[in-house]
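Novice: Spelled out from the first residue to the last, the chains are:
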Amino acid sequence: MNNEKKKITMMFILIATLLFGLVPFILLTKRSGELQTGNMLGILVVIIIALLAAVIGVKRIKDLKQGQPVEDELSKKVLNVAGARSFYMSLYWLLAIMLLQPVIADILFDSEMLDAEQALGGGITGMAIIWFLNWLYYQKKGVN
Amino acid sequence: MKNKIKELRARYNLTQEDLAKKTGVRRETIVFLEKGKYNPSLKLAHDVAKVLKTSIEELFLFD
Chain A
1 MNNEKKKITM
11 MFILIATLLF
21 GLVPFILLTK
31 RSGELQTGNM
41 LGILVVIIIA
51 LLAAVIGVKR
61 IKDLKQGQPV
71 EDELSKKVLN
81 VAGARSFYMS
91 LYWLLAIMLL
101 QPVIADILFD
111 SEMLDAEQAL
121 GGGITGMAII
131 WFLNWLYYQK
141 KGVN
Chain B
1 MKNKIKELRA
11 RYNLTQEDLA
21 KKTGVRRETI
31 VFLEKGKYNP
41 SLKLAHDVAK
51 VLKTSIEELF
61 LFD
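If you read the protein sequences in the order shown, they are chains A and B.
When the count follows the working numbering, it moves up by one through the first sequence with no breaks and lands on 144 for the last residue.
When the count follows the working numbering, it moves up by one through the second sequence with no breaks and lands on 63 for the last residue.
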């Protein structure tokens, strides 16, 4: 098994572990009656991140089957540019969560403030989505 | 930056995939190179020029 295949296998093992780890978590929290919006947000974060990783994993498998290198100088540059741009955009996303948190808490959770789990969950999910959208954009548009 | 990759590739009857394999990059990279939407590293420019039996100066047209 070459290095790339090992990396992809590890990626899917990690995704599977994450998703299977959710099952006992959901069952336990549901049984104890603690499955609330905050916990569901945490579950959603894990599912979204696992899905994004799966999309990238499937793309890499297709590349390997077609005999293409999984990474080259352009794809590495796309990752760098998408990472830098999404970091910059994430700052605004986190600032928006911080400033609008009373409004978000009131609309989504019917409370006065977001608790740590809700704020972090929203922050991490948003950052993952922002990164993924940037990556898709530069994959299509290319970078100079 | 304009280039003559497409023209020379056609001359040597190479597909984008062939050129990608010979230079060790992905086909998308060759697509972006041909469109002039990606400025390659010196190494890739050298590899492409070598496969297309030309020099970097002749392959890439600096304005």
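Don't read these hints as lab results, they were simulated from the structure.
Please note that a few of the clues may not be correct.
[Unchecked claim] Facing chain A, a subset of chain B residues (Cβ under 10 Å, in silico):
(1) GLU7
(2) LEU8
(3) ALA10
(4) TYR12
(5) LEU14
(6) THR15
(7) GLU17
(8) LYS21
(9) ARG27
(10) VAL31
(11) LYS35
(12) LYS37
(13) LEU44
(14) ALA49
Cβ coordinates follow ideal geometry from the N, Cα and C atoms, glycine included.
Novice: Provide an ascending list of the numbers of those earlier hints which the structure does not satisfy.
Specialist: Checked against the structure, the hints that fail are numbers 1, 2, 3, 4, 5, 6 and 14, while the rest are satisfied.
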